[in-house]
Each structure stands twice: as C-alpha cells, then as structure tokens.
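Peer 1: What follows is each chain in one-letter form.
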Amino acid sequence: MRKALVSMVAGLMALSVLAGCGGKAAQDGGQGGGDAGQETKEIVLFNLKVEIDQALKNLAADFEKEKGIRVQVKSCGGGCDYGAQLRAEMQTGREPDIFVMEGPSALEIWGHKVADLSNEPWVAHVNPNLLGLKQDGKIVGFPVAIEGYGLIYNKSILDKVGIDPDSIRTYADLEAAFKAIDARKDELGLDAVVSYTLKETWVSGNHTFNIYLAARDNPDQFTDDFLAGKVDVTKDPIARDYARLVKLLIDYSDKDMLESLDYNAQVAAFGTGKTAFLHQGNWVYPNLKDLNVTFDMGIVPLALNDSQYASYIPVGVPSYYVVNKDSKYVNEAKEFLNYIAMTERGHRYMIEEAFMVPAFKNVKLEPKDPLAKAIMKYNAEGRTLTWQFGKYSADNFGMQVIAPITAQFAKDGDVEKFLAAIDRAAKEYAASKGRN
Amino acid sequence: MNRQSTEAKVVFWGFLSPTLFAFVMIIVIPFILGVYYSFTEWTGVAGASNAWVGLQNYAHLLREKRFFYSFAVTAAYSLVSMVVINLVAFVLALLVTQELKGRNIYRAGFFLPNVIGGLILGYIWQFVFNSALPKLGDLLSIGFLRKSMLADPRTAFFALVFVVSWQYAGYIMMIYVAALQNVPQELLEAAAIDGAGPWQRLRHITLPMIAPAFTVNSFLTLVNSFKQFDVNVSLTGGMPTTTFAGEPVFATELLAMNIYNTAFAMNDYARGQAKAVVFFVVLTVLSLLQVYFNKKREVEL
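Sequence order for the protein chains is V and E. First residue of the first sequence? That's 1 in this note's numbering, and the numbers climb one at a time after it. First residue of the second sequence? That's 1 in this note's numbering, and the numbers climb one at a time after it.
What the hints contain is simulated information worked out from the structure, not anything from laboratory work. Since the structure is predicted, the reported quantities are computational estimates derived from the model, not experimental observations. Backbone N, C-alpha and C define an ideal beta-carbon position, used for all residues, glycine too. Heads up, a few of these hints could be off.
Sample of chain E residues lacking proximity to chain V, with all beta carbon distances greater than 12 angstroms (derived) [claimed, not checked]: (1) 87; (2) 118; (3) 140; (4) 141; (5) 158; (6) 175; (7) 185; (8) 199; (9) 212; (10) 214.
Restricting the straight-line Cα-Cα distance to at most 27 angstroms, the calculated cross-link-like pairs of lysine-lysine (DSS-like) are [said to hold, decoys possible]: (11) V:57 x V:67; (12) E:65 x V:391; (13) V:247 x V:155; (14) V:427 x V:230; (15) E:65 x V:427; (16) V:274 x V:373; (17) E:135 x V:274; (18) V:364 x V:65; (19) V:247 x E:147; (20) E:296 x E:227; (21) V:155 x V:368; (22) E:65 x V:417; (23) V:41 x V:328; (24) E:147 x V:255; (25) V:433 x V:138; (26) V:433 x E:65; (27) E:147 x V:179; (28) V:391 x V:138; (29) V:185 x E:147; (30) E:135 x V:411; (31) V:134 x V:433; (32) E:65 x V:230; (33) V:274 x V:411; (34) V:255 x V:185; (35) V:74 x V:134; (36) E:147 x V:274; (37) V:41 x V:325; (38) V:255 x E:135; (39) V:289 x E:135; (40) V:155 x V:255.
Just chain V, with the same shape it has in the complex:
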C-alpha cells in the first residue's frame, strides 16, 4: 500500500514537471499567435552603443507616454561583440524588433530579416549616399547617425606649442606636429603625444585600417578587390604610406600601454590632458563630458601622405537601425524610427542628449559638441572619406585578423613583413568567403 502510494506520488510529480513544460510551451505559442489586444504593445530595440543607452531610454519613455507603445532598450556594452550577441538575442525566442546593422556585410547574415523602409517619410530628408544599406534596391536601413573620426586634438596644448590644427593636411605636417609636441612633452606634462591603443582591436583593425582602404580614388572598387584577394598589397605605394602612418602613431604613443589600454583608459588619458591627440571619433564626446573637460577640441585627419585624401576624415553611417520583418509590431517599430527623425523631441534626443550628428536635413538644432561641429564642417566642405570597414566588420576581419598583424608590426617595425601579412590575410579571407 505504502509502496503504491509512493509510486503514485512519484508518477504525479514526474507528470507535473512534464505538464509544466508543456503548458509553458503552449502559452508561448499563444503569445506568438497574436492575441495582443489587452497587453501593452512592446517593441524591443537592441542597441549597439552603450554610451547612448540612457538617452535612448529617456526618449523611449516619452514615446510611450505619447503613443502608448513601450520600447524596451537593450544595450550591448563597451567591449561587446554585437554580431555574436545579436545571434544570441535572435535565439532567445523574443527576437528584437529593431536591431542594428553596422554595414552591408551584415545583410549576408540577416538579410532575410529586414523590412523595406523605402516609403518611410524620413527617407526624403537624407542624402542618398548615407542610405547605403539597401537590399534589392530597397532602403532597409535607418541611419542612426553620421560619425567621423581622426585625431582629436586638445586645442590648448596645440596653442601652447604654436600649432594651427587647420594647417595639418599632409603626413609631413602631422609628423612635424607630433615631433614639436614630443620635444616639449615633459614641460606640458604629457605621458605621450597621442592616445592610441591596439587592445581595442576595432580601433586598429577597423578605423585605422580604413585609411588605407579609403584614402584613394575609387575606394569602393579598391576595397572590393582587396577583399576578393585581387590586390598585391606589397606593390601598393599607398600601403607603404599607411605603414608609415601606423608607425608614427605607435612611436608617439605610450608603448608600454599599447596592448593593455582599453577604450575608457584611452579616452581618459586624453581627457585628463595626458596626451595631445586621441585616435577616436566624435562618439567620445559624452565620455569626455563626464571627465569635465574644459579645453576646446577639434579633429585633424589621419594624414598618410600628401594627396588630397590625406586631409580628409572618414565620415559615414556607422550603424543603421533595421526593422525585423518577422516582428509582430513592424508598424510600431517604424513609428518609433519616425519619432526619432521627424519630431522635435527626436531631434532633441539626437543632438542634445545622445550627441549624435544626425543624417537628417530637417534637423534645425545646432550641436554644442565641438566634435560634432567638426564633423559637420568636414562634411560641408566635402572633405570626407568613406567607411569601407563595414564591408568586412560582420566577419570581424579587422578585429580578428588585421589587428594582431598591426600589433606584430608595432613590435618588430618590419614594413615588408607587415604588408606581406596583410596581403596574405586578404587572400585567405577571400578564399574563406568563396567557400561559403
């Protein structure tokens, strides 16, 4: 009798566990089905930039008040690998409704997920060259912002040394400026001339390397050829100029820290006046503000030779929002994007809260941020290079392959080996892409 009771209880327990699983699955299925009537509509935005996390959440709160649609903002932090994390998010069963694509190469992976945005009202307010994320001729990407990078300078240090930042237009100008500052390093209380890092592999593998790909005629064609393994890097004169520029950056930074300096420390060194230049872009402004920076600043180009392109800075759309076409709330997601681009509140968010440089021409607000102003000036003068690294960033070719090659170059300074390694890496990449 007792035995029977025990086995019954055991059987019941096992059943209830199984039933528990089954019940939950059924419930999930029901939610997917679309009985959304009673619950609050909620869209999930998977954000790439942790710097704008709070501003985005504030905007989302106002949007919810106005439209009754909740926007849940999930952010991927500083050293986070968005591509890998997005893959994980897509597997959770609650796919994000709006997510970020850093460039066209992400379409190879997520192309089957994107909704057509060609007929959205904001499209008319964007320059066509900033609507680069297209699939089958349809616009699928909402430009989150435009960004630019180069060498951010500390105006007060340059003033003390007597360097006019606007005069830095060629490699020779840049080298002369570095030398002049280096000579008075101790007197100015500097640790190094420039804040550069090889630890943050996206800095060397994506941003610096982009100069090689983009500072030339026909950068699009060249990059495609390069990634297809059709370029002999060792015979390319611009590659030598590029190696010289990298060497300059390495020689004038804190060599002991090159492979351990993370983004925060790199920005902090510049923000606390320990370096005169910072190899970063306008996205560092919120970080610098947190450091209570008082000096004026601007951006000079990463000049690699004396061509006109040397005096340009890379400006592009670092990331696009795409709408998940399998989402239950496609229209709500589109509405949120419109809210950003088409309303005064959205403009305030972009300019005053997230310190982004908007891609939209209908924005009348003026940024207070000197770096955003600098980018807009370069943009207005047409002194801009394209961002080519988006073509390989989804496969992390820059971060996983080019960055360690650059670090090796930093140690041995062997230009021939450096160029040969880049050449080999591109050919291997082409081979592995061809395989897929």
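Since the structure of chain V is provided, determine the placement of chain E on it from the hints.
Peer 2: Here is chain E on its own, set in the frame of chain V:
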C-alpha cells in the same frame, strides 16, 4: 513479485524521465547536431547553406597556426594552473584545519572569490592590473609594476593563472578540508606515539589517506582549466598579441575562446564546430587517462 517490479519500473522511469528529457534535449541532440555541422559549411544562421563538405574543416584546422598556438597555450595553462591551484588549495586546507582562532572565517574568506562570477572577477582584476598596480608602481617608484602585466604575453599568461587560482583555490580547498577531516585521528596519534614527526605524518599517513581527493581535484582543475572561458574573455580578451611560427596570434587566446571567435566572431560556425569536436575528444582522452593513473595510486583502508 511481478507487481512490485512493475511498480519499481514506474518509480524508476518516473524519476528518471524529466532529467533524461532535459539531458537529451540540451546535451545529446546538440552534440550530435554539432558533430554533423562540423562536416558542413554552415555559418550559424538558420536558412544559410549547410552543404556537406566532408573533412574539409578538419583539414583546415591542421593548417591553422592560430589554432595550434591556442592548443599549446591551453595545454601549458592547464598544466600550470592545475599544479598551482592544487598546491595553493592544499596548503590553505592544511592551514584552516589547524587549531586556529576563527578558522571558519578564513575558510569562508578563501572560498568567497569562487562565489563571484568569472566575468565580473576578470574585469575587476583587469582594472587592478591595468590601473591600480601601475599607479602603485608610479607612487612607490617600482619600475616593473609600472607596465601592466596584461601588456606582455608572458606576464599576461601568469596573470590569468593567478586570477583563476585566486578564484578557484578556495573551492578546491573545501574538498581537501573535507578529506583531511576524514583522516582517522587514531592513525595520526599512533604514528605520533611511534615517534613520527609532523612532516612524516603528513607524508606517510595524511597524503595517502586523502589521495582520492587529489584524484577528484586534479581532474576538476584540469578539466576546468582546459575549458576556461569567462575569466579569459574578461581579463585579457586574448590580448596581447605575439608571434607564433611567423604569424601574429592572440597570446592568451585559450581554446574555448578560439572556438568562440572562430564560430561567432568570424562567422565560421562549421570550422568552430570542428574545433569543438577535436577539443571534446582531446579533453575526454586526457580526463580518462588522468583518472586512470590517479586511481592506481589511491589506497584502500
């Protein structure tokens, strides 16, 4: 009789089935799928081509220096941390089983780092190595402290061993403590009466008596070191770089991280999966061998 055996079967399967279900769903099926994917060209995205390519992925591994380097550095790392963790844990265990005031506090204290998640711990120690220690070096004018340990391939390796030992030694210590407490006092007393000193008692009575704990612990530490991922990612992220056979590689990229990077960062899921299969086989063989040899040394009371 017959009725009872039916009941026993019901009880047996009743208790087993939920666990078995979970085990099949989250271990067995993914494992089989994984082995299958390692023979395809899948990139890890549902709907993408997963055409059969035979042994191509495995053939590619043999040519990949970065993978060999990761293997070598992981082997070295596992060996070193196995020795260090066990040594530290055993010494700590000996200490906290002595008649000390507040030894329970010490035990808790040594165990505590193990409670902190590896990721958080890695970031905390990264700050210590990158910011706190160099600052200290500046203040005290100690030259070698000024350069972050994480900036040099060799010191970064030991920084990793150090942090993991710090995290894990307390846990291993607890197993040794349990084993030490189970050593029969009579034996120790008898040996003391026969004139054996503390060292002789340790060497000839305590150590043989706790040999099973050594087996368990060396197995645990070896396997865990081999599978190290979280502290690796957060503390060094594979940095700095070094040169291996003429190619630049990430100096502290252990195997698990190498597999992760191949599959998820470089979108080469199939090759990553092939690496994971090799990893699994090696780990299994190593563990079995090690348990076999350690078992032979154990004594029965």
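Peer 1: State for each hint whether it applies.
Peer 2: Here's how the hints hold up against the structure:
Remark: the non-interface label on residue 87 of chain E is consistent with the geometry, its nearest Cβ contact in chain V lying 28 angstroms away (cut-off 12 angstroms). Every C-beta of chain V lies more than 12 angstroms from that of residue 118 of chain E, the closest at about 15 angstroms, which supports listing it as non-interface. A cut-off of 12 angstroms between C-beta atoms confirms that residue 140 of chain E is not in contact with chain V; the least separation is 17 angstroms. Even its closest Cβ contact with chain V, about 15 angstroms, leaves residue 141 of chain E beyond 12 angstroms, as expected for a residue assigned away from the interface.
Every CB of chain V lies more than 12 angstroms from the CB of residue 158 of chain E, the least distance being 14 angstroms, so the non-interface label holds. No beta-carbon of chain V is positioned within 12 angstroms of the beta-carbon of residue 175 of chain E; the least distance is around 31 angstroms. The beta carbon of residue 185 of chain E sits about 40 angstroms from the closest Cβ of chain V, which is more than 12 angstroms, so the claim that it is off the interface holds. For residue 199 of chain E, the non-interface assignment is confirmed: its Cβ lies about 43 angstroms from the closest Cβ of chain V, beyond the 12 angstroms cut-off.
Residue 212 of chain E, annotated as away from the interface, keeps every beta carbon of chain V farther than 12 angstroms; the closest lies near 33 angstroms. Look at residue 214 of chain E: its CB is around 37 angstroms from the nearest CB on chain V, clear of 12 angstroms, so calling it non-interface holds up. For the hint pairing residue 57 of chain V with residue 67 of chain V, the CA-to-CA distance comes to about 15 angstroms; that is within 27 angstroms, so the pair holds. Distance hint between residue 65 of chain E and residue 391 of chain V is fulfilled; the C-alpha atoms sit about 26 angstroms from each other, no more than 27 angstroms.
Of the supplied pair hints, the one linking residue 247 of chain V and residue 155 of chain V holds, its CA atoms being roughly 24 angstroms apart against a limit of 27 angstroms. At roughly 8 angstroms between alpha-carbon atoms, residue 427 of chain V and residue 230 of chain V fall within 27 angstroms of each other, so this suggested pair holds. As the CA atoms of residue 65 of chain E and residue 427 of chain V are separated by approximately 16 angstroms, the hinted pair is consistent with the 27 angstroms bound. Proximity of residue 274 of chain V to residue 373 of chain V is assessed by CA-CA distance (about 24 angstroms); at most 27 angstroms being required, the pair is judged to hold.
Of the pairs offered as hints, the one joining residue 135 of chain E and residue 274 of chain V holds, with about 14 angstroms between alpha carbons and a cut-off of 27 angstroms not exceeded. For the given pair, residue 364 of chain V sits about 24 angstroms from residue 65 of chain V by alpha-carbon distance, which is consistent with the 27 angstroms threshold. With a C-alpha separation of about 21 angstroms, the suggested pairing of residue 247 of chain V with residue 147 of chain E holds against the 27 angstroms cut-off. Taking the CA atoms of residue 296 of chain E and residue 227 of chain E, the gap is near 26 angstroms; set against the 27 angstroms cutoff, the hint holds.
Only pairs whose Cα atoms come within 27 angstroms are accepted, and residue 155 of chain V paired with residue 368 of chain V is accepted, the gap being roughly 16 angstroms. In summary, the hint linking residue 65 of chain E to residue 417 of chain V is supported, as the alpha carbons are separated by about 17 angstroms, within the 27 angstroms threshold. With a C-alpha separation of about 9 angstroms, the suggested pair residue 41 of chain V and residue 328 of chain V falls inside the 27 angstroms cut-off, and the hint holds. At most 27 angstroms may separate the alpha-carbon atoms for a hinted pair to count; residue 147 of chain E and residue 255 of chain V meet this at roughly 10 angstroms.
Among the hinted pairs, residue 433 of chain V with residue 138 of chain V is consistent with the structure: their alpha-carbon atoms are about 25 angstroms apart, no more than 27 angstroms. Between the alpha carbons of residue 433 of chain V and residue 65 of chain E the distance comes to roughly 19 angstroms, so the proposed pair stays at or under 27 angstroms and holds. In summary, the hint linking residue 147 of chain E to residue 179 of chain V is supported, as the alpha carbons are separated by about 24 angstroms, within the 27 angstroms threshold. With a CA separation close to 18 angstroms, the supplied pair residue 391 of chain V and residue 138 of chain V stays within the 27 angstroms bound.
For the hint linking residue 185 of chain V to residue 147 of chain E, the alpha-carbon distance of about 20 angstroms falls within 27 angstroms, and the restraint holds. Using a Cα cut-off of 27 angstroms, the hinted pair residue 135 of chain E and residue 411 of chain V holds, with the two alpha carbons roughly 24 angstroms apart. A hinted pair counts as satisfied when its Cα atoms are at most 27 angstroms apart, and residue 134 of chain V with residue 433 of chain V qualifies at roughly 21 angstroms. As the CA atoms of residue 65 of chain E and residue 230 of chain V are separated by approximately 24 angstroms, the hinted pair is consistent with the 27 angstroms bound.
Restraint check for residue 274 of chain V and residue 411 of chain V: satisfied, since their Cα atoms lie roughly 23 angstroms apart, inside the 27 angstroms limit. Of the pairs offered as hints, the one joining residue 255 of chain V and residue 185 of chain V holds, with about 15 angstroms between alpha carbons and a cut-off of 27 angstroms not exceeded. Using a Cα cut-off of 27 angstroms, the hinted pair residue 74 of chain V and residue 134 of chain V holds, with the two alpha carbons roughly 25 angstroms apart. Only pairs whose Cα atoms come within 27 angstroms are accepted, and residue 147 of chain E paired with residue 274 of chain V is accepted, the gap being roughly 17 angstroms.
The hinted pair formed by residue 41 of chain V and residue 325 of chain V meets the criterion: a straight-line CA distance of about 16 angstroms does not exceed 27 angstroms. Of the supplied pair hints, the one linking residue 255 of chain V and residue 135 of chain E holds, its CA atoms being roughly 16 angstroms apart against a limit of 27 angstroms. At roughly 24 angstroms between alpha-carbon atoms, residue 289 of chain V and residue 135 of chain E fall within 27 angstroms of each other, so this suggested pair holds. Restraint check: the Cα-Cα separation between residue 155 of chain V and residue 255 of chain V comes to about 24 angstroms, which is no more than 27 angstroms; the hinted pair holds.
Every hint from the earlier list agrees with this structure, and none is contradicted.
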